[in-house]
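Undergrad: Based on these hints, arrange chain B on the given structure of chain A.
Protein chains in written order, with my numbering: chain A, 1 to 894; chain B, 1 to 894.
There may be inaccurate statements among the hints.
When chains are identical, the list treats them as one kind, so a pair holds in a single copy or across two.
With a cut-off of at most 27 Å between alpha-carbon atoms, the simulated DSS-like pairs for lysine-lysine come out as follows [to be verified]: (1) Lys320 - Lys496; (2) Lys88 - Lys750; (3) Lys231 - Lys769; (4) Lys661 - Lys496; (5) Lys66 - Lys435; (6) Lys494 - Lys406; (7) Lys406 - Lys496; (8) Lys661 - Lys494; (9) Lys339 - Lys88; (10) Lys406 - Lys231.
Please keep in mind that the hints were generated in silico from the structure rather than gathered at the bench.
Predicted model only: the values in this text are computed from it and were never measured.
Protein chains: 2
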Amino acid sequence: MTARSIEKFVYRFDSHGTTEGDATMRHFLGGKGANLAEMARIGFPVPPGFTLSAALCDEVLAHGGKLPEYVLTGIEEAVRWLEGATGKRLGDPERPLLLSVRSGAAVSMPGMMDTVLNLGMTENVVRAIAARPEDTRFAWDSWRRFIDMFGSVVHNVSHHAFEEVLDDAKRARGVTTDHELDAEALQQVANGMLAVFKAQVGYELPQDPRAQLHAAVLAVFRSWNSERAVKYREIHGMTGLLGTAVNVQSMVFGNKGSDSGTAVCFTRDPATGKPGLYGELLVDAQGEDVVAGIRTPEPVAAMKDHWPALYDQLVGLCAKLEAHFGNMQDIELTIERGKLYLLQTRHGKRTGPAAVRIAVDLVREGAISTENAVRNLVDPDQIDQCLHPRFADEGAYRNAGKVLAKGLPASPGAAVGRIVFNAEDAVAWAARGEKVILVRAETSPEDVAGMHAAKGILTTRGGMTSHAAVVARGWGRPCIVGCGVFGVDERNRKLKLGDRVFEEGEWFSLNGTSGEVVLGAEPMTDATLDDNFQTFMGWCDEHRRLGVRANADAPHDAEVARRFGAAGIGLCRTEHMFFGEDRINPMRRMIVAETETERRAALAVLLPLQRADFLGLFKAMGAYPVTIRLLDPPLHEFLPHEREAQLEVARLLHIPVETVKNRVEHLAESNPMLGHRGCRLGITFPEITEMQATAIYEAAVDAAEAGVDVHPEVMVPLVGTHEELAHQRAVILRMAEEVFTRRGRRVPLKVGTMIEVPRAALRAGEIAKHADFFSFGTNDLTQMTYGYSRDDVGRFLPSYLSQGILPVDPFKTLDPDGVGELVATACERGRKTRPTLSLGICGEHGGDPASIATCHKIGLDYVSCSPYRVPAARLAAAQAALKEKGGKDLQGER
Amino acid sequence: MTARSIEKFVYRFDSHGTTEGDATMRHFLGGKGANLAEMARIGFPVPPGFTLSAALCDEVLAHGGKLPEYVLTGIEEAVRWLEGATGKRLGDPERPLLLSVRSGAAVSMPGMMDTVLNLGMTENVVRAIAARPEDTRFAWDSWRRFIDMFGSVVHNVSHHAFEEVLDDAKRARGVTTDHELDAEALQQVANGMLAVFKAQVGYELPQDPRAQLHAAVLAVFRSWNSERAVKYREIHGMTGLLGTAVNVQSMVFGNKGSDSGTAVCFTRDPATGKPGLYGELLVDAQGEDVVAGIRTPEPVAAMKDHWPALYDQLVGLCAKLEAHFGNMQDIELTIERGKLYLLQTRHGKRTGPAAVRIAVDLVREGAISTENAVRNLVDPDQIDQCLHPRFADEGAYRNAGKVLAKGLPASPGAAVGRIVFNAEDAVAWAARGEKVILVRAETSPEDVAGMHAAKGILTTRGGMTSHAAVVARGWGRPCIVGCGVFGVDERNRKLKLGDRVFEEGEWFSLNGTSGEVVLGAEPMTDATLDDNFQTFMGWCDEHRRLGVRANADAPHDAEVARRFGAAGIGLCRTEHMFFGEDRINPMRRMIVAETETERRAALAVLLPLQRADFLGLFKAMGAYPVTIRLLDPPLHEFLPHEREAQLEVARLLHIPVETVKNRVEHLAESNPMLGHRGCRLGITFPEITEMQATAIYEAAVDAAEAGVDVHPEVMVPLVGTHEELAHQRAVILRMAEEVFTRRGRRVPLKVGTMIEVPRAALRAGEIAKHADFFSFGTNDLTQMTYGYSRDDVGRFLPSYLSQGILPVDPFKTLDPDGVGELVATACERGRKTRPTLSLGICGEHGGDPASIATCHKIGLDYVSCSPYRVPAARLAAAQAALKEKGGKDLQGER
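The following block holds chain A by itself, in its conformation from the complex (with noise of 0.2 Å):
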């Protein structure tokens, strides 16, 4: 026998003063009991019932085949209590207490667990309620839905078989809907149906109700449990919860005539945020014939012609349920012969550009402050929604089963366009007028004029911090990636799905907000900057701490980032600017030298390219901070490793093609992620450091002469020891302090360092010494504090999130335990050597609520993150700045 491990397990509500819970116990109540409680509490009209606590989860399922003697009790007292208040008793046919059975996590899982309705109903009850004429038909409808329900959730008896029964009796009297079946079909159906759980169950539906209420709350508790219950909380990655409640509530019935009806609403509409009830109708029917899609609903507005006091009476209740948990609501409410119940009530979902606007307007009308509108109305991912165009309807592609496949969100938003299979085709196909996909396994730098000239990019490798993907994200460009079930031949031009074989030029729609692939052509509408956008995010500015930047690199992503409100650039990453068509050859030519003074001589003719290239980024920036990353990626990332393009750079360089090839196989490394790269080059050819800190400093003088009040920070990659960064300062400030001297002019000298080395955060007390800021580069951090390669992950990842042994993807949610700490301890470290160190972000982590959320915990000073994500990582911040200050949604987390 399990030990009673808790005191209170039955809480009671009702709308007359006996409730005992409310919407802040969810994680005992469940979300719907502690939203069913609320409403009692407050007096709004909810069937009286009562919540068994997820406390009893684990108790009642280690209890084996039933339910603990002080439960059993516990039901009992309820029962009773709930008899009185109802003036009804279980059993009794004249007056018969009839119940809903519902299960409740604290967090929603749609249609994973198990309800039974109408339970009570027995033999003696319903011939008793079929004797008044008025009821006979509700009664038989009732009764063969209960043994349905009862049958398939509490004896596992196949929904199929009953399902049959029905069936059988429409073809026999030629009807094709439930509504058309007579009081009498419907007891012939129900005697039907007992006979089948007979022959599966082996022994009659009990005849007591208690056994069935004990029954059906064991089977709720059970469902918790059950396999696809157990799958999706894997894949959801949902830990911490207690189990499931039981809620236990008195019926009322839709179905007793054209008095009744159901409904579910939204109280403003979800796809828009317009203000005025949105939702659907059915006159005499049970909730679940709305969901079943049987009958066509009205709008819900037709109340107001039906019964007209009724639907002002919902109106008030719809504008008092949103003052009081302070959002847009989604509700289910019956109507019992003109009488009206509510019998839920959540948060709605709602788009991204709704849910600003609700928010909005929820201030304006004076229900909800600033700081409630920020924390709790808008999700950051909605804020993203905002900025992108997205699909016109996305049901209607899912719907019609347009959906090819499934990737990963890489970077969000719709694009519609022609797939192609290389770079080049991109290009020339884009120069053409065309809209174009571009499809490949996976891309790199060499790719990245042909990524600039699509719509969006769909990849089959790679993850969320792969190359197309961080590309992708810092321009605004729709990408998914990883998406392994197509097969992409590039060589032929074909991508092929199964048995299905796509050529080049089909007409594809990607949606980077969703993942899905989807065949053909669909209809988009547009980014919604709007006046509510803007007022929302003003909001958002005045509650967070932490710093918003950008990683940009080129002036118009700068300009991008900084309409969005990013206060400077958090990471240039230098070596993008080498890829262009005028610098990616003397970059090569810097690579195959052979000698210092053919680096050299290599190098001076980058340097007035780099130099550009940063008074364009000073310029766009104005008076806020610029980092500069210097050069950081293995030099065999710049050479061509196929023989054609290696002898077109042969030629372009008048060398011997063996040059180049010799070259390529000897920057050849084993894990060039942990090679010769980062600040290891900048040391080892210090020449390059010397150019690139020139360009930096030349451009931060011009741009000064131009008037800009310029603010440069020179970032030194991959430092894991502080003699490293004393070095590379040495030469930075060294170049610095040439130019000032041969232009007649300083400009703020600030040089830092990337800390994504383990080794770098835990020696950060020396590294401090040598540095004016951290950046964390979470990225390379992440792969290096749990040993994974970012490019081969995807072999044991998807299985490592199935089985639960990782909660997230790290690359995508900064690991708040390892990585975190060794943020924190980095942080503690550097501002101990230096009270003034600022610290930063500038991984892909930048954008990610949640990272952001642990951002702030750990007190960096900004977080940096592709332009679009700007706003979204405002909102973040502000809502991470909110939630440290305490309080919470009334109706729990999103």
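TA: Leaving out everything else, chain B in the frame of chain A:
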């Protein structure tokens, strides 16, 4: 003017009670000064003098071109005292005080800094000395030596110009050695040299002895920062030194006729350790003549014939020195007109076998304690020399110019054989009785059979933890890696070195201790595991706290390890077992399997083979623990990458070659070190773990039935989250219980993990919930903590070491700051969760003395290293424990 920051900076010494320093003051007095003071303090016959503290060095160097006033004052006072002590006066023609001015830092930097002898000579002084007939030649000889040294050391006059004057004189007189020049000739040489001085310096040689002294002191201080001295310290990672001290000492002369002489000698034979003086004597000569090798010296024992009383005095002094310093000494002495002076004493360098013998003899003679013997008298690397054959005479092949190149000394000992260029040839040649040296660019697991067949291994790439290095050390096979000056043409079986080409079959000798590659077959001597060795190792075991285990994969290795004193196996790498002839094919079949069923079928073939391997290990190790690591490397390592080999595999496995090729391509990774390996394999393919766990516990039960008190420890590699270990532990325990039930017998159950991912170290508190032990895999931990791929680090590591960015190769010596902090953190957090947690290290650092000291300090329970490194590790562990106890070698750490 620099502030005077130290009070006391002059330390006087004489043998009559005035001595102010002692041997413990190396940091200030330098090694030479401290030892002189110590000898003087206890009454050895040392010419009196004084030492200027190294603490002055910085101030003097910062002061510009002259000595600070207070230093001049201090020197003047010390000179006055020295005049009193010697009864001579600086510049006094009658009784001139002549001085040597010598550098001497706390750590020896042979030949790096400067010396001026005979200082105090002037025209007047030399003439006065020369006026005494017995001293005429001596006077002019000493004068010309002074001019040369003063000119070149203090004024940068080219020594070559002085040499020309001397050569001219010899040519003019038709003689070949300096010794044959008479007084008149030497006077002319001196005059010629004075002319050179004036011509190059611009003024006459100073005739004021104090000016000479001040200039010489300044020059010696300055030599601390000479380019070659700075470079030397960089290369040897010497940091934390104050600078050089300056020793000013009254001169004694061995070149005053046949009752004078000079000698260098060891108190015991440095090659064998045999008691008795061992060294060289030159009659009528100064010390530098011995070093210059112009005349052939006599053995030091010849003193017995020349001056029997002095010889007896020397033997007595040597015994006293040994007793005082507790070690065999290397001394310099001068006999001036029948009186013996000691000029220097220090620990004598010696071979490994000599070190062991001397240590044991000194203990037996009652001169030192076993504690002292273990702590100070033998280096762990010297222990290594005892285990391996070595070259009979290293000097011989060096002098003969036979050293072709120097690589990294990856595995110690000497090997002689004929070079071959692939594993198959090595096996074939060895089978017909040839001794072979396997030469490869780098080795892979496919080469293992050939490596085993070879006497030694030479690679042109890779570092101290490359495949070749690790495998060779495990077998005690001499190995040199990363010898990049060679170009290896494996296809044509040729080795290139500049213009030279060595064909297959050429005889090479490898010195794995020094890294020298020697042309030809050098004579060797055997290993020295005599009684002295066993006695000494016994003392080590008495003094150490750390346990020592071995890394061993095969029963033979385990037997070697036990013979060398390993108390268990700390790491058995199961993957090495899969490369045998009989198992590589089932392994490959497992890898190319496309379904779990196929994979399980292949694993079923491997199971009995693995079981037999484990049984062998258990039997060899008896009651000691055997830690077995589950499969770790990425699967692609087991498949061949060349077309021909793939065809062979396809034929053997009866599958299309395309299947093999596709599988190889599918398994290819960008960064395999951070890819699908370690427990990631066992989690995605649990059937592999199931097979290995079953094989381990079946073998353990077999061993137990055969009477072995078996202690298997199953180790899960590459864990980064506690969920990973929980998953694998569950699989292992399940299989173990199945075996126990089936066989009706239990064996101890221990499951633990490698801590080799930074995150695992940080999350050790959680991970320890599922672990009975941690074993630190510091190879991978170093890779990930620094972000260095050990296979690629050769690109920048040499530059990092030479620039002083890194003090040592972190793959050789455990980084105590970064990686060490992670190890310490993991220990602390792990033990907090589970106080009984056993903690060890199994990376290659386990055999490195400095790393062992770090492990001791952190508080690990044991280290595990290659079998051949076990004795050295036992010594290093004892030294770490003794050093922790405090007290140190009187002459400083070697």
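Undergrad: It remains to establish, for every hint, whether it holds in the given structure.
TA: Verification of the supplied hints:
For the identical chains of this complex, Lys320 and Lys496 are neighbours neither inside a copy (54 Å) nor across copies (89 Å), given an alpha-carbon limit of 27 Å. Taking the closest pair of Cα atoms, Lys88 and Lys750 never come within 27 Å of each other, the shortest separation being 78 Å inside a single copy and 63 Å across copies. In this assembly of identical chains, Lys231 and Lys769 lie within 27 Å of each other by CA distance solely across copies; the values are 25 Å between and 50 Å within a copy. Within a single copy, Lys661 and Lys496 get their C-alpha atoms only as close as 33 Å, which misses the 27 Å cut-off; across copies the closest is 20 Å, which meets it.
With identical chains, the CA atoms of Lys66 and Lys435 are never at most 27 Å apart, being 63 Å at best within one copy and 78 Å at best between copies. For a Cα distance limit of 27 Å, the shortest separation of Lys494 from Lys406 inside one copy, 19 Å, qualifies, whereas the shortest one across copies, 54 Å, does not. Proximity of Lys406 and Lys496 under a CA criterion of 27 Å is satisfied intra-copy only: 14 Å inside one chain copy versus 55 Å between copies. For the homomeric pair Lys661 and Lys494, the shortest alpha-carbon distance between copies (22 Å) is at most 27 Å, but the shortest distance inside one copy (30 Å) is not.
Taking the shortest alpha-carbon separations for Lys339 and Lys88, only the intra-copy value of 17 Å comes in at or below 27 Å, while the best inter-copy value is 126 Å. Taking the shortest Cα distances, Lys406 and Lys231 sit within 27 Å of each other inside one copy (19 Å), while across copies they are farther apart (60 Å).
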